[in-house]
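J.: Protein chains in written order, with the working numbering: chain A, 1 to 385; chain B, 1 to 297.
The hints are simulated quantities; they were obtained by calculation from the structure and are not laboratory data. Fair warning: there could be bad hints in the mix.
Stated by the list, open to error - Covered stretches of chain A, going by a simulated chain B footprint (3 or more residues, C-beta under 8 angstroms):
{"#": "1", "stretch": "40 to 47"}
{"#": "2", "stretch": "210 to 222"}
{"#": "3", "stretch": "234 to 243"}
{"#": "4", "stretch": "260 to 273"}
Note that beta-carbon positions come from the ideal geometry of N, C-alpha and C, so glycine has one too.
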Amino acid sequence: MKKATLVITVLVALLALAGCAKTDTPAQPTVVKFGVFEPLTGANAAGGAEELDGIKLAQELYPTVTVDGKEYTIELVVADNKSDKVEAANAGQRLVDSDKVNLVLGSWGSGLAMAAGPVFKEAQVPAIGLSCTNPLVTLGNEFYFRVCFIDPFQGTVMANYAFKEVKAKKAVIIREVSNDYSVGLAKFFADSFKSLTGDPNAIIAELNYNTNDQDFSAQLTQVKSLKPDVIFAPGNYTESALIIKQARELGITAPFLGGDTWEIAEFINVGKQAVEGAVMSAFFDNDAPVTPLSKVFVDAYQKKYGKLPSGTAVLGFDGYLLAIDAIKRANSLDPIKIRDAIAVTKGFAGAAGYITLDANGDPIKSAVIKEVKNGKFVYKTTINP
Amino acid sequence: MDIATFFQQLTNALSLGSLYALIAIGYTMVYGILRLINFAHGDVFMLGAYFAFYAITAFAMPWGVAFIVAIGLTGVFGMGLERLAYRPLRDSPKISVMISAIGASFLIENVGIVLFGGRPKSFPSIALFDTVVRFGSISMLSVSLFIPVITVVILGILLWIVNKTKTGLAMRAVSTDLDAARLMAIDVNRTISLTFGIGSILAGIGGIMWTMKYPQLNPLMGIMPGLKCFIAAVIGGIGNIQGAVLGGFLLGFIEIMIVAFLPELTGYRDAFAFVLLIVVLLAKPDGLLGKNQTVKV
């Protein structure tokens, strides 16, 4: 008991001292803090890790930013939103409240970005979404921007592919019902596919599952009895890989189409043979450079990580560069001035394409279509909006 | 629904249910002896899968050896966990031990994230378990044939240990009255430690079989199976080994049939497991096969 009291007294004294030390010498801030808001654990961990890789590479190449003739070092404050919407709001709050970041980058997973959106808006800290494609991330939130295309476009791209390349007439949708991204993209695909086929019943079934589910046999048995021409299954990479694996085990041969969230190494690692031939829309391909920076990025990435980058990592890189660009144009570290500068971004050349933000804070960018072939994501074609 | 689809769904239900049953046995075993719900069971399950994964990938063991090593390690880990987290609380109120179990669960998960990383890992495919077997229009993964067999064999071994051996007698004695058992010269600590060892071995086997069917590992993978199998054990009558098997099959069956017959409710699939738990607890608090025990005050 006495020991505990002593320890507490000492701790309190130390804290008090630390507090004094801080107030005595107000350190001149020479750092600018970028909050990195990503899922690093849980169901979306690999997606968050890819974006973080891109951001870290950008920081290594461009570690400082000059404002008003003074050079500031960029510090990354990484907050793990744990692939969970409640945790996401908390992690966002922590970034703006206790870490006092100047701006935020992230998050992978539209649902997570949407959970923290109101927090950033309230705190008036600008956030740059990297690969979160749901339109609601930026809609009605003047502090949220993004560097990727949005789902109405992505859904159309995949519906076109299903209709023209697969020559499908009937499709089944399997969606992750607890994931805003998946539900949204499924709807845009369905709308577009119905109008392409001219058949209001072209989507024969919409089946649901939950994040973290591992057994999809019941849903897939239904799919099998429906005999669709094509299956659209936008969702998280691990669940999707397991879905395709279990579908093949049940003897379903229809092709699987998906969205940008599939382009993560784990999709192939988990799905192995089964995901061969799966087709997805993606943000970028190393074989189809779009700006002079594309090659710089691909080379530097390979040198640092010893592997080829994914279309998700490149957006982490671009988000970071856009943030620096906006700070330079604002010539200020004030979050509101940075926000105003991001909002008027025009023709900014990132590694994954040129970014001009519209009134909602969304860029218009082309999509690439990739297919899994021999255990790799292989470039098929580029679709311009 | 045509007949082939129905039989396929039945197969799906049996293969999921037997997996739940296998893990639920471990829960019920520990509860039956100690009256302790080991909330860390799901995390021990996760460790079992990771041990096997590293034994195969990092130490290049053949899968048979790797599985035995992993199951052994999981058993040792369970005994260590009991020694560190539960034994010091032996004479404390039950609630302290339960809270300690919840703490141990979070600790294992988070240490797991630090050690194994948050990105999921993919379990190497083993041909014996990862082959598609077809009977007419019905198909399943070969591991789904092994799981019920393993479950039944384990059920048999456990019933034999508990009912026919000296150790089992000691376990039953400890379960009836810990202090009286101690007075009868039963080594209570050893018996409890052994119980945890067996429970954890079962979790290890469950974890490995789970990843054979769903070959994806992450440090939080034990949470949902842990909860589901806890529910299965309670439905069957916690503490009753046959009950756990029954509960596991029942839960697997209900989950699949909800998706099959009421597809619009699929999103509530996990919720149904909990609703089932509440209904059973209200209607038959001791579970389907549980004995109504009167507690003497």
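J.: Now tell me if each hint is right for this structure.
T.: A quick look at each hint next to the structure:
Counting residues of the stretch 40 to 47 of chain A whose CB lies closer than 8 angstroms to any CB of chain B gives 6, so the stated coverage by that chain holds, three being the minimum. Counting residues of the stretch 210 to 222 of chain A whose beta carbon lies closer than 8 angstroms to any beta carbon of chain B gives 10, which reaches the threshold of three, so the coverage claim holds. Three residues within the 8 angstroms Cβ limit are the bar, and the stretch 234 to 243 of chain A against chain B gives 3, so the coverage statement holds. For the stretch 260 to 273 of chain A, the assignment as covered by chain B holds, since 4 residues bring a beta-carbon within under 8 angstroms of that chain's beta-carbons and 3 suffice.
Of the numbered hints given earlier, the model fails none.
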